[in-house]
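Use the sequences and the hints to build the structure in full.
Quick note, the sequences are listed as chains A and B, same order.
Going by UniProt numbering, 164 is the number at position 164 of the first sequence; the sequence numbering is gapless.
Going by UniProt numbering, 71 is the number at position 71 of the second sequence; the sequence numbering is gapless.
Quick caveat, the hints were computed from the structure, so don't treat them as lab data.
Even glycine gets a Cβ: it sits at the ideal position worked out from N, Cα and C.
Only true hints are included.
Covered stretches of chain A (chain B as the covering partner; in silico rule of three or more C-beta atoms under 8 Å from a C-beta of chain B):
hint, stretch
1, 47 to 53
2, 105 to 112
3, 141 to 149
4, 210 to 220
5, 245 to 254
6, 284 to 290
7, 371 to 381
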Amino acid sequence: MDLYEYQARQLLDEQGIDTPRAIFVQRVEDVPQAAETIGYPVVVKAQVKIGHRGQAGGVKIARDRDEAVRAAEQILPMTIHGHRVHGVLIAEAESILHEYYVSISVDRSSRDFDVLATANGGTEVEQIAKEHPESVKRLHISALEDFDRRAATAMAASIGFYHADVDQAADILLKMWKCFHDNDATLVEINPLAKVGDPDDESTKRLCALDAKISLDGNAAFRHDGWTRFDDRATEDPYERKAAEHGLHYVHLDGQVGVIGNGAGLVMSSLDAVSFAGREQGTGVQPANFLDIGGGASADTMCQSLEIVLSDPQVESVLINVYGGITSCEQVALGIIEAIERLNVTKPMVVRFDGNAAAEGLTILADADIPNIHVAATMETAASEAARLAAQAKEETK
Amino acid sequence: MTVFIEDDAPVIVQGMTGHQGMTHTARMLKAGTNIVGGVNPRKAGTSIVFEDASGADVDVPVFATCAEAKASTGAKASVVFVPPRFAKDAVVEAVEAGFEVVVVITEGIPVADSAYFVELALRRGVRIVGPNCPGLMTLPSSADTHGVNLGIIPDGIVARGPLGLVSKSGTLTYQLMGELSDIGFTACLGAGGDPIVGTTLQEALEAFEADPDTKAVMMIGEIGGSAEQDAARWASEHMTKPVVAYIAGFTAPEGKQMGHAGAIVSGGKGTAQDKQEALEAVGIRVGRTPAQAAQYMREALAALG
Numbered sequence: 001m002d003l004y005e006y007q008a009r010q011l012l013d014e015q016g017i018d019t020p021r022a023i024f025v026q027r028v029e030d031v032p033q034a035a036e037t038i039g040y041p042v043v044v045k046a047q048v049k050i051g052h053r054g055q056a057g058g059v060k061i062a063r064d065r066d067e068a069v070r071a072a073e074q075i076l077p078m079t080i081h082g083h084r085v086h087g088v089l090i091a092e093a094e095s096i097l098h099e100y101y102v103s104i105s106v107d108r109s110s111r112d113f114d115v116l117a118t119a120n121g122g123t124e125v126e127q128i129a130k131e132h133p134e135s136v137k138r139l140h141i142s143a144l145e146d147f148d149r150r151a152a153t154a155m156a157a158s159i160g161f162y163h164a165d166v167d168q169a170a171d172i173l174l175k176m177w178k179c180f181h182d183n184d185a186t187l188v189e190i191n192p193l194a195k196v197g198d199p200d201d202e203s204t205k206r207l208c209a210l211d212a213k214i215s216l217d218g219n220a221a222f223r224h225d226g227w228t229r230f231d232d233r234a235t236e237d238p239y240e241r242k243a244a245e246h247g248l249h250y251v252h253l254d255g256q257v258g259v260i261g262n263g264a265g266l267v268m269s270s271l272d273a274v275s276f277a278g279r280e281q282g283t284g285v286q287p288a289n290f291l292d293i294g295g296g297a298s299a300d301t302m303c304q305s306l307e308i309v310l311s312d313p314q315v316e317s318v319l320i321n322v323y324g325g326i327t328s329c330e331q332v333a334l335g336i337i338e339a340i341e342r343l344n345v346t347k348p349m350v351v352r353f354d355g356n357a358a359a360e361g362l363t364i365l366a367d368a369d370i371p372n373i374h375v376a377a378t379m380e381t382a383a384s385e386a387a388r389l390a391a392q393a394k395e396e397t398k
Numbered sequence: 001m002t003v004f005i006e007d008d009a010p011v012i013v014q015g016m017t018g019h020q021g022m023t024h025t026a027r028m029l030k031a032g033t034n035i036v037g038g039v040n041p042r043k044a045g046t047s048i049v050f051e052d053a054s055g056a057d058v059d060v061p062v063f064a065t066c067a068e069a070k071a072s073t074g075a076k077a078s079v080v081f082v083p084p085r086f087a088k089d090a091v092v093e094a095v096e097a098g099f100e101v102v103v104v105i106t107e108g109i110p111v112a113d114s115a116y117f118v119e120l121a122l123r124r125g126v127r128i129v130g131p132n133c134p135g136l137m138t139l140p141s142s143a144d145t146h147g148v149n150l151g152i153i154p155d156g157i158v159a160r161g162p163l164g165l166v167s168k169s170g171t172l173t174y175q176l177m178g179e180l181s182d183i184g185f186t187a188c189l190g191a192g193g194d195p196i197v198g199t200t201l202q203e204a205l206e207a208f209e210a211d212p213d214t215k216a217v218m219m220i221g222e223i224g225g226s227a228e229q230d231a232a233r234w235a236s237e238h239m240t241k242p243v244v245a246y247i248a249g250f251t252a253p254e255g256k257q258m259g260h261a262g263a264i265v266s267g268g269k270g271t272a273q274d275k276q277e278a279l280e281a282v283g284i285r286v287g288r289t290p291a292q293a294a295q296y297m298r299e300a301l302a303a304l305g
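Printed below as a string of structure tokens:
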């Protein structure tokens with residue numbers, strides 16, 4: 001679960017990591033007062049959960065009220081790389097002397113935590129690693145050990161923080177570690193961690209987190225009040241929200257074939273099969289969603305799933321692909337029949353059953369004799385048929 | 001010879017008395033697994049009657065701790081069906097008790113907890129399988145022994161044969177087992193769909209490479225992380241047996257978690273395309289569909305003669 005910059009700042013603030021003064025606003029009319037409170041010049045920054053917002057025009061400097069309002073008017077309605085802007089952060093414009101990069105993340109390969117730092121901050125870390133690989137220092141922290149002051153000081157010294165800054169940088173690294181650990185984060189990244197202040201006045205110089213990215217572990221929500229304070233309902237996809245309320249794993253995509261299956265891997269595989277079929281048939285038909293009904297799903301779960309998938313008006317056909325392990329295909333068949341009766345479904349559905357109670361499930365479907373249910377023997381033929389039916393329906397509605 | 005765990009190994013179940021635990025303990029016993037105990041401190045001293053593969057009653061005792069269960073039964077493995085918030089303590093207890101293999105079925109464990117018990121297990125020489133996996137199933141190496149079914153993999157899809165299987169996904173495991181059921185397997189291992197797991201794809205390849213009865217390995221990956229690339233790198237240097245792969249998630253969008261906690265493309269990393277390229281670069285064929293992957297496996301076996 002990714003946080004917005006303004007939320008990530010809250011978590012850094014709670015650890016006592018210095019951030020520029022800033023106010024989050026969502027309406028243009030609130031911008032002048034926020035900017036005056038901060039004091040010009042200010043930086044107007046799009047709040048969006050995707051990188052490269054600067055290149056996309058999502059960050060602007062404003063020297064006065066007119067510029068601030070104009071920047072907000074431009075940024076607030078933007079969609080950056082498919083993500084709608086959620087608001088703007090009006091932040092104090094700092095005078096930057098140097099930019100560093102520091103992050104702590106879960107390292108999936110070495111199965112521990114990874115502290116990454118370089119004195120060449122400011123741009124994306126992948127870019128830095130490509131251009132200055134020798135400058136990027138990393139330290140693995142085992143889950144059985146702690147990150148202590150000695151290690152943090154050595155790390156800070158190794159990337160080239162200047163004398164007086166080493167202690168302060170080590171302090172920030174330790175606070176980041178605490179932020180990472182206490183919040184069950186999977187990523188805490190400060191980029192840039194900037195040396196700011198008046199170049200001629202030593203006393204004004206300090207290290208400050210100018211931008212931050214934090215991702216939290218969704219599996220740990222149970223020990224953090226469900227992360228309700230970072231609830232993002234307003235910008236959530238309405239279908240995804242409804243599915244989550246029913247405890248279903250649903251991801252909304254942009255195609256025409258609704259896909260329902262059991263098990264994340266099998267459903268991803270079904271999406272791929274639909275996409276390949278659309279390409280082969282020359283129709284460009286794509287999957288409309290990912291929906292995993294999970295293990296041991298009941299008829300009720302199946303019925304709710306169909307309801308959500310079919311509420312997407314782009315859906316022209318539905319592929320139901322179930323390999324019964326714990327899940328009984330018989331229960332799935334009952335759910336399909338119930339949904340068809342309750343929701344008066346007329347769109348074509350292609351069903352592929354295998355494994356546990358597949359024969360029983362297919363008998364139920366055959367006995368029900370519903371004209372818009374098609375049965376396929378394999379996942380590949382089912383996906384191909386669902387893609388063909390979707391393209392055909394799309395053609396007819398034109 | 002058996003891979004991962006010996007035939008007829010005695011096994012205990014943590015969380016046996018819960019709903020999931022009861023259902024799957026009954027299934028595992030039916031499949032011939034030698035389940036000798038359960039663990040639940042609140043129900044210690046009681047016992048539960050199940051049926052074994054022959055239909056005879058078995059009285060399975062409940063112990064207060066893993067250590068006690070291991071001392072009284074000589075169990076070699078534990079299967080964990082404990083809910084996420086209690087899973088860390090349960091797995092740590094199993095690792096400290098010193099079982100050879102601990103299979104963690106639970107989905108939804110915080111990654112910091114998994115990192116902790118996986119590291120502890122690595123230091124103690126205990127093999128963890130999972131979390132968030134369908135389990136480990138071995139097929140018997142002789143007519144008078146039973147294989148071990150640890151977890152929720154359905155029994156009866158496959159018999160003993162020359163293939164090894166490792167997978168990040170449960171249902172794709174069953175799918176490929178079904179596609180290759182006429183050939184058969186030595187063992188099927190669900191590595192799990194979480195970011196940090198106890199047995200990686202590479203570690204499963206290492207075990208299959210060392211097992212003389214396994215002739216070829218089917219590997220099923222999905223988007224997220226770089227376990228497939230790590231496995232490809234290792235295989236190119238050390239693997240003498242053919243590996244065939246299947247990868248799910250070519251159509252997955254950036255930044256969206258596709259069901260499994262670990263199945264996410266982030267910052268342009270962990271795409272199915274990258275994984276396919278890394279595997280093909282070292283000569284591992286990647287099926288475009290599960291059926292095609294099965295076909296490649298048949299061709300690989302035919303080439304072995």
